[in-house]
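Assembly of the complex is requested from the two constituent chains, each provided in isolation within its own frame, with the hints serving as guidance.
Protein sequences appear in the order of chains A and V.
Going by our numbering, the first residue of the first sequence is number 1, and it counts up by one from there.
Going by our numbering, the first residue of the second sequence is number 352, and it counts up by one from there.
Calculated directly from the structure, the hints in this document are not laboratory data.
Be careful, since some hints might not be right.
[What the hints assert, rightly or not] Derived, one-sided and incomplete: chain A residues facing chain V with beta-carbon distance under 8 Å:
| id | residue |
| --- | --- |
| 1 | N11 |
| 2 | S18 |
| 3 | I263 |
| 4 | A321 |
[As the list claims (entries may be wrong)] Some chain A residues flagged as far from chain V (calculated, every beta-carbon gap over 12 Å):
| id | residue |
| --- | --- |
| 5 | N2 |
| 6 | N50 |
| 7 | A86 |
| 8 | G94 |
| 9 | S198 |
| 10 | L214 |
| 11 | R258 |
Note that the coordinates shown come from a computational prediction; the quantities given were computed from them, not determined experimentally.
Glycine included, each C-beta is placed from N, C-alpha and C at the ideal position.
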Amino acid sequence: MNAIAGWLRANLFSSWPSALATLVIAWLAWRLVPPFVDWAFVEAVWRSPNSDACREAQGACWAFIGEKHRFMLFGTYPFEQHWRPALATLILVGLWGFSALRRSWHWWLGLVWTVGLALIAMLMWGGVFGLRYVENERWGGLILTLILASFGMAFAFPLSILLALGRRSRLPVLRAACVAYIELIRGVPLISVLFMASVMLPLFLPSGLTIDKLLRAQLALVLFAAAYLAEVVRGGLQAIPHHQYEAAEALGLSFAQRTLHVILPQALRLSIAPLVNTFIGLFKDTSLVLIIGLFDLLSTIKVSLQDPAWSRFGIEAYLFACLVYFAFCYAMSAYSRHLEHGGPGRRMRQS
Amino acid sequence: MKRDWIYQAALLAAAGLVFWFFVSNTAQNLETRKIASGFGFLWREAGFEIGETGAIAFSAADSYLRALGIGLWNTFRVAAIGVVFATLLGALVGLSRLSPNWLLAKLAAAYVEVIRNVPLLVQLFFWYAVIAENLPDPGEALQPLAGVFLSNRGIAFPTPWSTPVLSGFNFTGGAVLSPEFAALLVGLVTYTAAFIGEIVRAGVLSVGRGQVDAAYSIGLTRRSALRFVVLPLALRLIVPPLTSQYLNLAKNSSLAVAIGYPDLVSIANTTMNQTGQAIEGVAIIMAVFLTISLSISAFMNWYNQRVALKGVRQ
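Just chain V, same shape as in the assembly (with noise of 0.2 Å):
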């Protein structure tokens, strides 16, 4: 069809002429602002410090390309051990839902509905605030469990190394996450969780009762049944939701900027504001979530072709 490609042509060039109209503008703009374009920046000495900087050596005389990356690896290890979590209670959350006992279905329920209906990061302030205003100061530590302190300096729990020991006004020995990491991470875990939760639910609920009873039926004790039908059958359809709230964790923790976490995006916020380099920096942004959202759904293809019914089309 001729029309067809006309349109298509006009649109091209429409948007070609939008794009030409921008890159000029920004072209004039960033000289008379006298601001070079391009990533020659990062490796200018980057002149802040990083208050967390999860035990690699940095100072304020090192690049903004070494203080990205710090906060690249920051957003990498919050995310990491969320999602680590979130699965954990948020499988808990999910089985409760469905448990005969009605107080705990009704809890999980309860939290479901309320976590979900608050913006996260409501809940990142409310965390907070609970940890650095409302926990007493080291001296008077909270212990949960013995080891294990709570205060307004954070949480310092033992590793098979060593443990934490209250010396001066801090703890030293053991490890300690910071108010502002505990906070993002508990507010990141418990938000999530609830969308698990309910994704965890809906998988098993989708598993027929005629399926179980026929693994019954041809022999296979409980445990079997669990591990060969209910399970596979299950997480065919827990896994692909199950990643996109992966990707939602990891894309949530940007909101670390709010709360002075220095993950990736805060870091790239302090970069553009004393480079002007906002163009590079939003382009770092971008890229990075683009390639970790993307490797999740090659991911998540490769995955759903290993455990597509075989022989049946889809």
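If we strip away everything but chain A, and leave its shape as in the complex, we get (with noise of 0.2 Å):
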């Protein structure tokens, strides 16, 4: 009892200040927790066939949510065949998950990927092994959202570690150049990268060649990624220190041997936690593909609220979208957490 009399005081009442904010905080919570617990919960819809119930209730609409899964989470994928992007979405999800651990943190963990990423491709087209061909402009969804960032990463990553031994190159032209691509990037928003990719580059290619809206927008996001992973990359480089490079150099190593089996394998572990957070940021910045017009998770939640006997339940929508990103990025912000403080990169940093 008086250990708790103790820890209140110390932790709520220590001062005037302190005693204060905690009322103030106390009568908050009085005043907001009950009437939301209300609305969410106890005077909640959780089963409407149609919106009736939801109309003529107090609470949140819940069974939008349950009555809208389907196309929230795949879009306008063939519905008797949406086991396929559900597979698929396992299948990306395990490989984040098994890329996390440290003991697979080898070169055959590329290996892994392609493979992943090949059975991804075929799953999700079809036209083989007797699946039936979906063409991508079906896509949609979660998956379609998993897809962007994760390909993202996948062509971003390799992209941004030739973007950061450009910019530390002793070759002028080559710097300069990287520079300039990186500074120019990360100077101008996502969205105009976007719109240069969906209504510029068709542009740009010969009458007669097209790529399709999915892959262009594929296109930005990897662009914009690679400007970004480029800036941690180049940091990790900076924080090797220098007799690394000239112990490589007196063994007499190549400028390929001193890069791939000394700098790089050192470099990269000590960016994978800012590597992370910067996979965090792409993961959320897919969303933007919505004002291009790709269905994306967003997309496809905004679109359930166009059906006008649903259109008023954008609240329960919109925090719908909210968990489910939050339910992804929070795992990797806590695994990214993870590493900083005595995870794997912090051993290796005291070996």
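This is the structure in structure tokens:
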């Protein structure tokens, strides 16, 4: 009992301002939490095949999510084939989970990813092994968000390493080109790069040659993310002490050998935590493809609201969107924190 | 080294070739689509109305140039107001996380965690849904403070010159923030404040306990210790990442296009759709944002030099 009173005094009532803050927060909680619980749980409608029950109720209309969840998660993918994007989603999440384990940080991880991504492409497109062909205009929902983020990372990462190495090169032309690219991309908003890919790129290509919308958006995300990742990789490269370069040179290693076997393995391990943070940014940024008309998770949720029967339940819909994005991003940020505080990255630095 | 120059010449030649390929394709494509390149379209009649012009006169008969100018002004308005409030809220969040009060610290930490892990676009849609769909009609507007009205037509609040009065279906007098402006501002401020909060917290934590003790031991009061020791040391760490958050806020204001606030990007988008001048439209957007980011970088370099430790080699 005394311990509790002591804790309360030390942590909630240590001074007058602190006590005041505690009281204000308690008062706000008393005013806001019960109505919210009422709205979200007590008065909420969980099941309603049409929206009538929701319109009469005082609480949240979670039935909306239940009714539309297939469309929100899979977009306009053929209904009876939904197991395919569902399985692809599981494979992608599995790939990310597997890559997070320290014991899978080896060269063969690249192989695992290649096989995994190929498998996902096969599942989504079909056309082989008796799977029906589904054109990518019909892909949508959560799997599209995950594909944009995963393929974006998979292609932006190698590109960013080249850019970071280029920025530290002793060749002035190469260095200037990399600096210009990185600073140009980092200086403009993502939406302008997406506009460039969606409306300018078709003008750049010879007439007759067209690249579809999904691929163009993916290209824009890769080019955009690469500039930010390049700065993270450069941070890792800069943290490598100079004697490592000199020692590698003294051993008579060539530039490629020095980079691949000595510098990059150390630099990349140092930058894993900030790399994960940049990836969280990329994951969140994929939601912008909505503006150029692709059906990612946020877009399918927004389209669900255009059904006149359910158009009033925007708050429920966007809270659901918040929840899904939060689940993915929080998992990643918790992982990145784990790496920073005594995770594998730290252990490596001490050895 | 001769070989290095051969590599670089090859790189330049390859880049030139790709550039020439794009330019020649573009010239051909524009010709078949009968689009004249160049910025001549800027002086043509825009032919669309702008919902919110920020006290500048505009009609559909005005030019694209004027429309884009209003878009730029709208971007500046929301970014300038956003920066001020994001800094205030961010400082509050950052200091709250360091508070000895457990409840306050945990609340601020939860705020940062939730806001940073949800895309800004989702948050903007959420705020827009709250304001446009769930606030009452102007007739039954909420009044959190005397003279401030929250309704689905936006936020009406008094200015030193006049107070808002309900007349018919809307408010007149005072100042009114449209639902789009209000949603964008609230979204940008709450989002950026979470990042600023972390910067402030890291900056304050970076000032060593020894510095503070030393300040007290030479007889400084608490106030002068803060003013002459803690703040200058913390600001040196806070300002560079803070300016890049300001830049992020300005860049993120381009998401206005998704909720229908007529900022520069949104008006450039309408212009591109109407005229087909995609290259010029994207070029204008990029040029404006590059100018902003380069001037902010220039300011940051100047500031860094000014506050750098004198006599210490960096």
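Here is how each hint holds up against the structure:
1. About 4 Å separates the beta-carbon of N11 of chain A from the nearest beta-carbon of chain V, less than 8 Å, and the hint is met.
2. With a cut of 8 Å, the hint placing S18 of chain A at the interface with chain V holds, because the nearest CB-to-CB distance is about 4 Å.
3. The criterion of a C-beta within 8 Å of any C-beta in chain V is not met by I263 of chain A, whose closest approach is roughly 19 Å, and the hint is violated.
4. Residue-level restraint check for A321 of chain A holds (minimum Cβ-Cβ distance to chain V is 5 Å; threshold 8 Å).
5. Consistency note on N2 of chain A: stated as away from chain V, and its beta-carbon is indeed over 12 Å from all of that chain's, at 18 Å minimum.
6. For N50 of chain A, the shortest C-beta to C-beta distance to chain V comes to about 20 Å, beyond the 12 Å cut-off, and the non-interface label holds.
7. Under the 12 Å C-beta cut-off, the non-interface status given to A86 of chain A relative to chain V holds; the minimum distance is some 22 Å.
8. Here G94 of chain A stays apart from chain V, with its beta-carbon at least about 21 Å from theirs, past the 12 Å limit.
9. Taking the minimum C-beta to C-beta distance to chain V, about 9 Å, the non-interface status of S198 of chain A is violated against the 12 Å cut.
10. No Cβ of chain V comes within 12 Å of the Cβ of L214 of chain A; the nearest lies about 18 Å off, and the non-interface call holds.
11. Distance check on R258 of chain A: its Cβ is at least 16 Å (rounded) from any Cβ of chain V, clearing the 12 Å threshold; non-interface status holds.
Taken one by one, the earlier hints fail for this structure at numbers 3, 9, listed in ascending order.
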